[in-house]
Amino acid sequence: MTTDADEDLEWHDMTWHKITDCSAYIPASALGLQAISDAIGGGGRGTRSVAGFDEDSITMAVAALRGIDRHSEDAGPLLFATSTPPYADKTNASTVKAAIGGDDRVMATDVTGLRSGLSALLLGARTGGLVAMADMRGGRPGSAEERDGGDGAAAFRFGGTGQPIAQIEAAGHVSMELMDIWRVPGARYSAVSEERFSQAALSSTMDGLVARLKDEGGLTGPPTFVVVAAPGHRFAVKLARLVAEDSDGSTLAAHRESVGYCGAAEVGILLARTLDVAKAGDTVLLLSAMGGVDGVVVRVLADGGGSERLDREIAGRRMISYTDYLVRRGLLEREPARRPDRPAVAAPAAFRNVRWKFRLEGSRCGQCGKVYLPPQRVCGGCGGADTHHPYPCADRPGTVAAISTDGLSDTPAPPAVAALVDFDGGGRLAMEVAESTDSGIALGDRVEPTFRRTSQTDGAPDYFWKIRSAIGESA
Amino acid sequence: MSGTLRDRVAVIGMGCTRFGELWDTSSDDLLIGSVHEAVASVPGLELPDVEAFWYSTLATGHSGLPLARALKIEAPVTRVENFCASGSDAFRNAAFAVASGVYDVVMAVGVEKLKDSGFSGLALAGPPGDNTAPEISNPAAYAMLPDVYAGNYGVDRDSIRDALTHIAWKNHRNGAKNPLAQYRSVVSKEHINAAPKVAGELSVFDCSGVADGGAAAIIVRAEDAHRYTDHPMFLKGLSLHAGSSDGAATAESGYYSFTEVVACADQAYAQAGVTDPSTQISFAEVHDCFTPTEMILMEDLGFSARGEAWKDVLDGHFDPGGRLPVNVDGGLKSFGHPVGASGLRMMYEVWLQFRGEAEGRQLDHPGLALVQNMGGLPGGFVSFVSIFGPELDR
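Chains as they are written, first to last, in this note's numbering: chain A, 22 to 496; chain B, 82 to 475.
For the record, the hints were derived by calculation from the structure and aren't laboratory data. Ideal placement from N, C-alpha and C gives every residue a C-beta, glycine not left out. Careful, some of the hints might be misleading.
With a Cα cut of at most 25 Å, we get these calculated SDA-like pairs of lysine to any residue [what the hints assert, rightly or not]:
1. B:K278 - A:T344
2. B:K392 - A:L464
3. B:K258 - B:D130
These stretches of chain A come out as covered by chain B in the derived footprint (C-beta under 8 Å, 3 or more residues) [to be verified]:
4. 73-86
5. 352-361
6. 372-381
7. 385-399
8. 414-426
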């Protein structure tokens, strides 16, 4: 597959893998920007998405990847893009890969920085495989970065089995050594330069790039859709209108009013949401304007599945208070419960039990069918020894067999909620409830596993599965 | 299992410290206090006469050394840890030791110093692991029981709440009459119902008291008992089960019955010749770590029919004046729960009742007494049941 783009454009004669699935993940809670205004000023209209206290870029990437059709026979790398990697040194993509499973004889690697989502998208189109991007954006209380930021993730599958839904036709870039937004390692907040300067520099450069894409990138008319990934809300919307005034920018507008700029994941979320509403034959102009300008022309190959699922999830989000937001971000420290700190994970045990810890893989007896979570060697059902086989449960829903709030255990959002879950097909496990405050989960409710961060204290992040309402079933 | 300890083992002396927030008392003080009191309760016995010790504690010390050091003894000392049933298991091992004939006089002593940690509730660090065990406090784990029980038997939640409140009210009222108890106030049902919830529907009044304390028992073979005291306490049956935790792993097991308790109660009853516990057991000390536990235990121990315990509780069957008084010393609820000592504390109440020394709460003509002690969480327990009598059967 090659494009007929002009040779002046980068990647012009590369082999492109087509997009065969994509998914956006938006966390289940949101902050009304008016709440920021009321508390400290600097807010505005609309809402921004906020990750759960037990979510981070790794867990949101897993959530997005779990939203796409994964085929175990598909090989290919896993590229993970974020500007907020939970780990430095250690590869974050390895954790994501462990949680989604599949053949591990692939390259799993990180790309970082706010532009990394776009890079991963283009690299994935070249290599095939999976691309995940996730980010949590914020800033000083009352800042534009906080107001215009959001949390979310997106995932793409390139090549492999399955019907293609879109393909990248052309991509163009202008590398700029521009101090518009930066953050040194360890810093809590990004630094930004005076926005009139950076926006002027980016706008004029983008003008030229879009003209080049229109002339040489196979765009015969105005693209059907235009989306722009840029930190500033008004700048992104304005730039889209400026460079493609005849194109549909409504997905971008809706995203900025309800979710916010999701950093490295922004291009992915915007593209996934656009592909949801696009029809075969449409074109999408995907632009990125920060730290340089990038433009990608995407041709839609199949009608999208509609925006209903995500629209419903976004509409159903729980609005949190500004103080809740500050606590989640670690900007407001809550008095901890008088309980011992959760211990650091023992690396050898986590390594031995990787399929349990990261894949929620129990065991099922080959003789009597009894299911255990975690896996067991000796069967209590038939007394067999080593009769058990791996039994994956991460994609299985279950039913709440018992549940209680827990006012003693430490959590950033007390009270914690714990539940006993009977998984469909067998297996019972006591689990923490994700995003527990006001979760509304009750005895007998249907639930599904969700990969979450479990550590409550500073130090190494730790992960395991919790449960949430089985939204997959209500769809 | 062909053997039984029925009428083969007797308790001839006991000691028990005050339970509570003992800020001015060390774990050594608790050991010395309970051991010296137990020895002093046996005329003519000296500490060196005790040939071996089983020392139970969940986390207050490791090995047998803390006991040997505090008492300045050099003797066989075995540390026993079996969660909240540690004290009972120390007694069990001591009982086997004299029954074997190897030793003539042994002691079980349990101690726990919980309050110094400053933690809310009971918290126990596990071995290094993969950190996949959920963070669920004990109150939250037990708070799951009432709704499951109510749903299983079709009982409305308010009735269950009334029964739990009655248990809390009863055990507080009982403890008020016990000079050694942690909490010595009568608490009204209105006050209990108005308390803020700690976990689920459970408030602090539904939870046992986290306490410091120690208790000790001196044990001999039954045939030797009358050489030491006119009022020995004879062991009639004894059973300990560590569950496979299949109840925690599979949906077949409900959260309205503790299978380990049923199994070891059956075993202890068979040893003691008890066929109808609801009429043959005179009074009981049971593991009321949380009020729903006591309610469910009434059924698992055969004191109430299945699904009927809440009714029997509300009808006062287990009050001091009822047909089968339960936890007349205040139980874990108001006597307090210093983990390693609790099993022996339960026996201490039986001991006092048999001797007519339970001032202010003395039962008339106490007969066979049941002590039930357990550790763990719903789904997987260590359970202990023992039965004592004031006299030899033959």
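Q. Are there hints from earlier that the structure breaks, and if so, what are their numbers?
A. 3 and 4
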